[in-house]
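Colleague: Sequence:
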Amino acid sequence: EAVGPFFPIEFRMSGSEFVEGGYDLDEGVRIAKMIEPYVDLIHVSSGTYQKTFGITHPSMFTEHGRNVFLAAEIKKHVSKPVATIGGLNDPAQMEEIIASGKADIVYMGRALLADPFLPQKVMSNKDEDIVRCLRCFTCMAERASTSTRRCTVNPLIGREDEGDVIYPAPVKKKVLVAGGGPGGLYAAYTAARRGHQVILCEKEDTCGGILKSEQALPFKYEMYQLSGTYEKLARDAGVEIRTNTEVTKKYVEQEQPDALIIAVGSSPIVPPIEGLDGDNVVVVNNYYLEKDKVGDSVVVFGGGLAGCECAVHLGMEGKEVHIVEMRDVLAPDANVRHRPLLMAEINKFAAVHTGHKGLEVTKEGIICETASGEKVLVPGKTVICALGQRSRSDIVEQLRGSAPFVRVIGDAERVSTITNAVYWGYHAALDIE
637 EAVGPFFPIE FRMSGSEFVE GGYDLDEGVR IAKMIEPYVD LIHVSSGTYQ KTFGITHPSM
697 FTEHGRNVFL AAEIKKHVSK PVATIGGLND PAQMEEIIAS GKADIVYMGR ALLADPFLPQ
757 KVMSNKDEDI VRCLRCFTCM AERASTSTRR CTVNPLIGRE DEGDVIYPAP VKKKVLVAGG
817 GPGGLYAAYT AARRGHQVIL CEKEDTCGGI LKSEQALPFK YEMYQLSGTY EKLARDAGVE
877 IRTNTEVTKK YVEQEQPDAL IIAVGSSPIV PPIEGLDGDN VVVVNNYYLE KDKVGDSVVV
937 FGGGLAGCEC AVHLGMEGKE VHIVEMRDVL APDANVRHRP LLMAEINKFA AVHTGHKGLE
997 VTKEGIICET ASGEKVLVPG KTVICALGQR SRSDIVEQLR GSAPFVRVIG DAERVSTITN
1057 AVYWGYHAAL DIE
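Numbering-wise (the working numbering), the sequence shown opens with residue 637 and increments by one.
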């Protein structure tokens, strides 16, 4: 009566609230049937606003499409169109949901922040060009902590006034990018889109930088895939990528670029602690290369974000996992939306030893000193060294000043996040005039 007969009315509801005392799927079906005569579309989510953030907005620790079964069950009992939502970013999966009759409509939220052109790319059969949402919650964390929006993979989010058009540079220049991690790749891609001649050099045989280490963690595999997507976009934009090529001062003198973007990243911190160079130690960055060395009992030495996520993965594999951390809290570098969900996984899969200073690594684990001064052994046949990263400042200083325009980005500037590396890379490329 209020909107007239030709104005569509959509009703968003939870198929189940997934909290003690909340309603279940049977009640969700009853609600849908009750409201059906008064609406044109039933949009099925899950959870409650107050208590189930990681269910209503599925995290990287949950499967894609974890809410689809709710919509599928409700659809059996109503005749109006039913929509599903929740961390979906794979066009093939979305097509299967509709084709199989589980839902009539698929909604996306975060996926369109990561890549607003996702629908166009699907319609153009360019699925491989889609920059997929990582379900990292940077977008929601930034909103909660700074009242702005940012996206790890899309530096334009929160800065839409700048527009999505990359304007040509007034003068075409030769740009050399040192480093093929996410920041370097995005800088090269952006510079090439502006019409510059761009060469990207990566000293390893493949690009990706620190993202290569994510391929061993199934819940972070999309972060590993990101580097491949960025590399394809860069190549398609005309970037010449030279692998197995290290950029030195002599190399810069040889190439004579007009602009140099230094994106050489960081290296893992391995302090001179007795036993930390032993055969039973795996540096977390190299876990994807050496995971066969990891036994059934593991001590993760370092409770930052990388160490905690590795611990969760190892626990999911059924290993006995302990985390040793000198500070009183774990993963202070995790964003405010991701951290509570990460801590919930830690509670399921690892024993935590905060306030423990590692003194010595042995074949039986790590000898630690507690806050009270007591020495204890935290047991584990394998030790994962996850004590943080250090900028490759020696390389940066060698290259600084070697071209008319020089910009340092990402971990090379200061150890930070993928979000900042991509953002800095994007703006470094825009600043080349």
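Hints are not guaranteed to be accurate.
[What the hints assert, rightly or not] Distance ranges between label pairs, derived from CB positions:
| no. | residue 1 | residue 2 | range |
| --- | --- | --- | --- |
| 1 | 810 | 969 | 28 to 38 Å |
| 2 | 792 | 676 | 44 to 54 Å |
| 3 | 881 | 1036 | 18 to 28 Å |
| 4 | 965 | 734 | 12 to 22 Å |
| 5 | 910 | 686 | 22 to 32 Å |
| 6 | 808 | 884 | 17 to 27 Å |
| 7 | 983 | 1010 | 20 to 30 Å |
| 8 | 726 | 1026 | 29 to 39 Å |
| 9 | 1063 | 757 | 19 to 29 Å |
| 10 | 884 | 1011 | 38 to 48 Å |
| 11 | 638 | 1050 | 49 to 59 Å |
[Said to hold, decoys possible] The list that follows gives simulated cross-link-like pairs (lysine-lysine, DSS-like), each with its CA atoms no further than 25 Å apart:
| no. | residue 1 | residue 2 |
| --- | --- | --- |
| 12 | 929 | 868 |
| 13 | 1017 | 984 |
| 14 | 999 | 1017 |
Worth flagging that the hints you see were computed from the coordinates, not collected in a lab. Glycine residues also receive a C-beta, built at the ideal position from the N, C-alpha and C atoms.
Colleague: Which numbered conditions among the earlier hints are violated in the structure presented, ordered from lowest to highest?
Modeller: Violated: hints 2, 4, 5 and 12.
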